[in-house]
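Engineer: Take the two lone chains and join them into the complex the hints point to.
First to last, the sequence lines map onto chains A and B.
Last residue of the first sequence: 400 in our numbering, with the numbers rising by one and none dropped.
Last residue of the second sequence: 131 in our numbering, with the numbers rising by one and none dropped.
There could be a bad hint or two in this list.
[Said to hold, decoys possible] Below are the DSSO-like pairs computed for lysine-lysine, each with C-alpha atoms no more than 30 Å apart in a straight line:
1) Lys48(B) with Lys105(B)
2) Lys195(A) with Lys48(B)
3) Lys165(A) with Lys14(A)
4) Lys312(A) with Lys333(A)
5) Lys377(A) with Lys248(A)
6) Lys237(A) with Lys105(B)
Since the hints were derived computationally from the structure, they do not count as laboratory data.
Only a predicted model underlies this, so the values are computations on that prediction, with no experimental measurement involved.
Take a look at the letters that make up each chain.
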Amino acid sequence: MAEDVWILGIHMTKFGKHKDLDTVDLAAEAALGALADGGVSMQQMGVLAAGNLMNAAAGIGQQLQKQIGQTGVPVFNVANACATGATALKTAIMAVKSGECDMGLAVGVEKLAGAGLLAGGARKEDSNTWEPSGRYGAVAPVDGRIGTETMPGVFAQIGMEYGHKYGGTSFELFARISEKNHAHSTLNPLAAYQKKFTVEEIMNDIMIAYPNTRPMCSANCDGAAAAVVISDSALKKLSKEQQKRAIKVSASVLTTDPYQEACQILPDVNTLTRNAAEQAYEQAGIGPDDLDLVELHDCFATAELVHYDNLKLCEPGGAVDFFQSGATWRDGKTPVNVSGGLESKGHPIAATGIANIWEVCHHLRGEAGDRQIENAKVGLAHVIGLGSACGVHILEKSAA
Amino acid sequence: MTEQIPLVDYLELGDDPHLVANECTSCHARFFDRRNACASCSGTDFQKVKVSTTGELKAFTIVAFAAPGVPVPFVAGLIDCDGTSVRGNVVNVEPDPEHVSLGMKVRLTTYPMGTDEAGTEAIAFGFEPIS
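Just chain B, with the same shape it has in the complex (with noise of 0.2 Å):
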């Protein structure tokens, strides 16, 4: 089997790929980059939790012009995971406003990115509708 690699470290692989947060243990703020310290209370422990893979779609554009490389249109969004703010692509849909809107139930998805010369396929993961 090919060896894989997440698009970002936070996108935990395997059977049941998920994303993982950074819980700061005193205030609960959660992150998904690599931490100093919390923003919201300045703390430094955090512990790794696991963000759900379902959510709602609070906001979203349909990028149409982008830098050279990035496929257009696609549509970027920010998902609500069960309180826990996302990042990501909604995919797996017609980007335009008839297919795609505000509140839609979405959940996590992964595709393969490509595979680098040592024969490593990258992985990314996007929200698609839940239909």
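So that you can see chain A by itself, here it is in the shape it has in the complex (with noise of 0.2 Å):
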């Protein structure tokens, strides 16, 4: 059995627009930030995982390196589309679990600002002569004339799938979970957007891809995380206050999408989420019942409904209920995206995947200020990346 992996410092930078910041800037931030917070320095890392989705074949692991050291370490840069931070976090988990290493350091970086549609938001002209071409000998682009390929667009369609299957779903529902992550965004200073919503206003906003309005996507903007991860006996060697703040992984799981019938007509964002999250709890010997806080993917407010379901976190089927409950607000039984969400908090991809740990990690240390939920002791950060990869981490508090 491979010896225990904890995460010893962890930072992320606002979200928002720096404009004057570039990506190797904020990844650096985002770096320094975390060797600062865990007291140790770029010489001790034996890996670095690291990744920017919109530029991956730029090679961010070794242009960071040039900026805040050339260790001569391994490097690996990763991609997973949404998922990317989470591979990145899991590949220096790995690293270390694997004794190649004690100590690693993962970051995920993106500048997003001001971007539109991420997919689907630019459609090839008709060619003169209809030429069959491609996997399905399409004579012209289908975005659009079969079905499409926006994701506010898939992801409405995932919501409303979920709505078909098992009843209670509504525009005004959907629009309700966006209304809970704007408000708590309200008290993340990091968010890149801190502004509380009405549920008329959320619903009479412009529509994107019914159900979903603007406020109900996720927010394009820059951002950096990162994460350094250390073995259990490293750690031990380490000062009392740095074992005191350090939080357990107590799972770290990847999973991708496994065949299921209609997989590949539309994204099954469902079966890989109900596997990584049961390898998860399996893993950490804990059940969804004693979660203090999640933060799960919503990247669009019809997704966050049901990852409920594929959680765990409710009965099968029984979403729409558990969040009627008010269970997923920060006074209930189970607070989801306490920090805004990626409606709120902003979305800048690669880094995604960290700064949930971020701010799980943030509320297990106690130092999660004003939106502190009180006691807390066992977190879930989970990510999807549309293709798709999965990434569900479970994260204790120390008992030191």
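Structural biologist: Given below as structure tokens:
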């Protein structure tokens, strides 16, 4: 059995518009912040895992090293859609668990402020002759002709499909999920947006893809997050204060979407999340009832609903009742997205899968200020990258 | 008569327009694209099968914001055609939540997309409500 791995230091930048900082500046701020938070240096890191999805070929890891420390250690530049940050973290955790090194650094960074639709945002013009091409032998672009490639539209259907299966969903219900997350964001100074909305304001805002209006969509913004992970034996050699603030990684799971009927027609974000959650609960030896808070991938309000069920926070098919009981508000049974979630905190893609870990760690350390969930001891962080990849981490407060 | 070409090669035109899937001969998983092997069982033998032209709308969205050149609003949906899931637009309906509903019965329909320089007409498909 490999030894336990801990998060020693972690940092996220303010999410929002950083017009004077480039990708490397943001990554450096997060990385140096995480190292300082853990009381360690770049020279002690045995591995660096880094992600920057929109420029995945540029090698953000080595670019970062050239600004903060070219120590010659292995770099893994990772890209896994919206699960890129969680993939970087998982990579560093695997390196430490395998015994290749005692400490590793994971970084995720994205510059997205002002970006529009990230898929289905441009369509080629029709050519002058109908010539079949590609795997479907299409004679013209199919986005808008055979369904939609836009993310708000894809995730709208995912929420609607849940409604068709179990009933109880409505435009207003999905808007109320968004209302919750925007209300939560008012307590998070690092969120891109800290504006409270009424449910009417959300429903009357600009429609993007029914039932998702603009405030029900994740916010494109700039940001970075980084974490230092350490082996149990190396942590024991550090100071009492460092040991006290360290957060145990009780489960670190990454899954992809197993074949299901329809999964190549509408992405199935459910099965891989359920699989990841089941593996994570098994690894951690805890159940969903033990969770004091959850940060899940609310890339759209319609997505948050299905993940209550996928992460087993409620009975199968019971997500609507679960939400309507108030369980997922910050004063509820299982607070979900007390950071404000992707809809208001923002979604700088590769940073997201580490920023959600930062949020959970912050509460487990009792350092979350105004939005502290009292006596939080266990938390779960979840991300989905369409394509698909799912990361689930379960984190526990140090007993020290 | 104008020569016609389908928007995608899994749309079969003629007197009885329908969709054709590549079905894995060992596990019967169905796919619409050109296959290297089966995503479900990794088998490599496929047969062409006709997909039912009627179905039920399992999920939909009304896209109001899309790429330049894509006419909005339009209804994009997931249609369960007797056990085979199909992606398509819901057409010949007002694109609003009062006229489109989960579980509504739909059928395949085709329509001309335009004619190219050589005079060939492209034919697209969608699903229309069965009233």
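Engineer: Now tell me if each hint is right for this structure.
Structural biologist: Structure-based check of all given hints:
1. In summary, the hint linking Lys48(B) to Lys105(B) is supported, as the alpha carbons are separated by about 25 Å, within the 30 Å threshold.
2. This hinted pair does not check out: Lys195(A) and Lys48(B) have alpha carbons roughly 54 Å apart, beyond 30 Å.
3. Among the hinted pairs, Lys165(A) with Lys14(A) is inconsistent with the structure: their alpha-carbon atoms are about 39 Å apart, more than 30 Å.
4. The suggested pairing of Lys312(A) with Lys333(A) holds, with an alpha-carbon distance near 14 Å, which does not exceed 30 Å.
5. With a C-alpha separation of about 10 Å, the suggested pair Lys377(A) and Lys248(A) falls inside the 30 Å cut-off, and the hint holds.
6. Proposed proximity of Lys237(A) and Lys105(B) is contradicted: the alpha carbons are some 66 Å apart, above 30 Å.
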